[in-house]
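> One-letter residues, chain by chain:
Number of protein chains: 4
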Amino acid sequence: MNLPEIKNRLANFAAERNWDQFHSPKNLSMGLAAEAAELLEIFQWLTEKQSCEIIGNDKEMQHVREEIADVFIYLVRLADKLNVDIEKAVLEKVEINETRYPVELSKGNATKFSKRQK
Amino acid sequence: MNLPEIKNRLANFAAERNWDQFHSPKNLSMGLAAEAAELLEIFQWLTEKQSCEIIGNDKEMQHVREEIADVFIYLVRLADKLNVDIEKAVLEKVEINETRYPVELSKGNATKFSKRQK
Amino acid sequence: MNLPEIKNRLANFAAERNWDQFHSPKNLSMGLAAEAAELLEIFQWLTEKQSCEIIGNDKEMQHVREEIADVFIYLVRLADKLNVDIEKAVLEKVEINETRYPVELSKGNATKFSKRQK
Amino acid sequence: MNLPEIKNRLANFAAERNWDQFHSPKNLSMGLAAEAAELLEIFQWLTEKQSCEIIGNDKEMQHVREEIADVFIYLVRLADKLNVDIEKAVLEKVEINETRYPVELSKGNATKFSKRQK
Numbered sequence: 143m144n145l146p147e148i149k150n151r152l153a154n155f156a157a158e159r160n161w162d163q164f165h166s167p168k169n170l171s172m173g174l175a176a177e178a179a180e181l182l183e184i185f186q187w188l189t190e191k192q193s194c195e196i197i198g199n200d201k202e203m204q205h206v207r208e209e210i211a212d213v214f215i216y217l218v219r220l221a222d223k224l225n226v227d228i229e230k231a232v233l234e235k236v237e238i239n240e241t242r243y244p245v246e247l248s249k250g251n252a253t254k255f256s257k258r259q260k
Numbered sequence: 143m144n145l146p147e148i149k150n151r152l153a154n155f156a157a158e159r160n161w162d163q164f165h166s167p168k169n170l171s172m173g174l175a176a177e178a179a180e181l182l183e184i185f186q187w188l189t190e191k192q193s194c195e196i197i198g199n200d201k202e203m204q205h206v207r208e209e210i211a212d213v214f215i216y217l218v219r220l221a222d223k224l225n226v227d228i229e230k231a232v233l234e235k236v237e238i239n240e241t242r243y244p245v246e247l248s249k250g251n252a253t254k255f256s257k258r259q260k
Numbered sequence: 143m144n145l146p147e148i149k150n151r152l153a154n155f156a157a158e159r160n161w162d163q164f165h166s167p168k169n170l171s172m173g174l175a176a177e178a179a180e181l182l183e184i185f186q187w188l189t190e191k192q193s194c195e196i197i198g199n200d201k202e203m204q205h206v207r208e209e210i211a212d213v214f215i216y217l218v219r220l221a222d223k224l225n226v227d228i229e230k231a232v233l234e235k236v237e238i239n240e241t242r243y244p245v246e247l248s249k250g251n252a253t254k255f256s257k258r259q260k
Numbered sequence: 143m144n145l146p147e148i149k150n151r152l153a154n155f156a157a158e159r160n161w162d163q164f165h166s167p168k169n170l171s172m173g174l175a176a177e178a179a180e181l182l183e184i185f186q187w188l189t190e191k192q193s194c195e196i197i198g199n200d201k202e203m204q205h206v207r208e209e210i211a212d213v214f215i216y217l218v219r220l221a222d223k224l225n226v227d228i229e230k231a232v233l234e235k236v237e238i239n240e241t242r243y244p245v246e247l248s249k250g251n252a253t254k255f256s257k258r259q260k
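Chains as they are written, first to last, in our numbering: chain A, 143 to 260; chain B, 143 to 260; chain C, 143 to 260; chain D, 143 to 260.
All the given hints hold, so there is nothing to weed out.
Straight-line C-alpha distance at most 30 Å; calculated DSS-like pairs for lysine-lysine:
(1) 149(C) - 149(D)
(2) 230(A) - 149(B)
(3) 235(D) - 223(D)
(4) 223(D) - 191(C)
(5) 149(D) - 230(D)
(6) 235(C) - 235(D)
(7) 230(D) - 201(C)
(8) 235(D) - 201(C)
Cβ pair distances, simulated, as ranges:
(9) 160(A) - 194(C): 43 to 53 Å
(10) 240(D) - 203(B): 27 to 37 Å
(11) 144(A) - 245(B): 20 to 30 Å
(12) 201(D) - 242(A): 45 to 55 Å
(13) 238(D) - 201(B): 22 to 32 Å
(14) 237(D) - 144(A): 49 to 59 Å
Hints in this document: simulated from the structure, not taken from any laboratory. On a predicted model such as this, the values are computed, not experimentally measured, just so you know. Glycine included, C-beta positions come from ideal geometry on N, C-alpha and C.
Same shape as in the complex, but just chain A (with noise of 0.2 Å):
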C-alpha cells in the first residue's frame, strides 16, 4: 500500500478547500468515532453468522466498502497530524498483543479472551 501518497492526497485534499482549521485531532477522533460507527450500524440486526453472508450482497459490501475506506481516511488523516508513523505503530502493537496473550493460555477461549481484552 502506497500510504505516503494517500496521506498526502488527503492532506492535499483538506488544504485545497481551507478544511484544515476544522480537522484538529479532537475533531478527527470524533469523525473517526462517528464513521467506525456506521460500520457498526450494518452489522446492528444481523446474526453473526449474516454477517459473514454479507460478502455474498453487492449492493451491501459497497456500503462496507465505503464505509471502511472513511474509517481508514480518518485514521490516516489524524496520524498524520500528530505524526504518528501507522506501520511503526501497528507493528508494535502486534508484538504487545503477542506478549499480552501468549498461544497456550489464550487458546480458543473466549471467557479467557474477553478477560484478558481489559
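Add chains B, C and D to chain A, keeping to what the hints say.
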C-alpha cells in the same frame, strides 16, 4: 506500507489462538467502534488547541499511538474477513469525495462543510 | 423517576467542581459516545445468547449497571445544557416510530426492519 | 418522568412487531452506540462555543432532540432486557462519583479532571 504482511500476521495471530471463531464481521465492527471510542476519550476534555499540542507529550502520544494501532488492526481484520481491498476502497472513496465536495463550493466554509458532509 | 432531581444533582456536581467549563455539548457528546462504547465492549465477544445470559452473572451485571448509569448521566447533562425535555422528546420519537414502522409492514422481518431503520 | 410507562410502551412496540428476537443486549448495545455516534456527528465540526449556540437553531435542535430520544430509547430497552433499575443505578453511580472526585481535589482542573476520570 506492507499491508499484506500485516494482514497475514494478524490472521496468524488469530488462528494460533483459535480466535477466528470470535472474528465475525459483526464482532469486529464492535471492536473497531470500541477502539475508536478510546481515541475519542483521549481528546474528550481537551480543547481543540490542546488536542493539537498533545504532540509534545510523550506519554499521551504513546497512548495515542497504541489506540491508532488498535483501530487499524480491527479495520484490517474486518477488511480481510470480507475480502475488501482497503487501498482500492480508499482510492475510490477519495475520488467520490473529490466530486462531492468541489473546491470552489467547499472552500473554508464550516457550515457548508458540515451540511455537505451528510 | 425523579428526573428533575437527578438533573439538579448532576448540575450541582459539575458546578461545585468548576467542571461546567468542560461541559460543552460537543464535549458531552464525546463523553456519551465513549460511555456507550464501554457497554459495547462488554458484549463484544459474547454471542447474542450469552449476552442475554449475562443477567445471571452478578459481577458482570454490576459493570453493566455502572455503564448504563454513565450513559444516562451524560445524556441528562447534554439534555440539560441544551434545554431538551427528555420525556417529551422520547414520547415524540416513539410516535414517529409508530408511524414509520406500521405493525403490518414491519412484523418479524429482520431484513425489512434493518432497511426501514434507515 | 413516567419511566415505567415509557418502558412498557417500548416493550409493546417491539412485541407487536415481533422485534424482540432482535433485541438481544448485544444488539441493543450496538444500536445505542450507533445512536450516540449520531449525536457526535452533529457536533463534530462545531467549535465548543458553536455547540453551545446550537440552542438557537430550531432545525438543528429538532435533530438533537430526536437523537437524544433515540439514545434514551435504546438505553431503556437494554436496561429492561437486563432487569436494570436505571434510577437506582444512576443514584449509585452519582454517589461513587462524589467519592471518587472530591470537590477540593477536582476543582476546575482540566488536567487533573481528565486523569482522575480514568
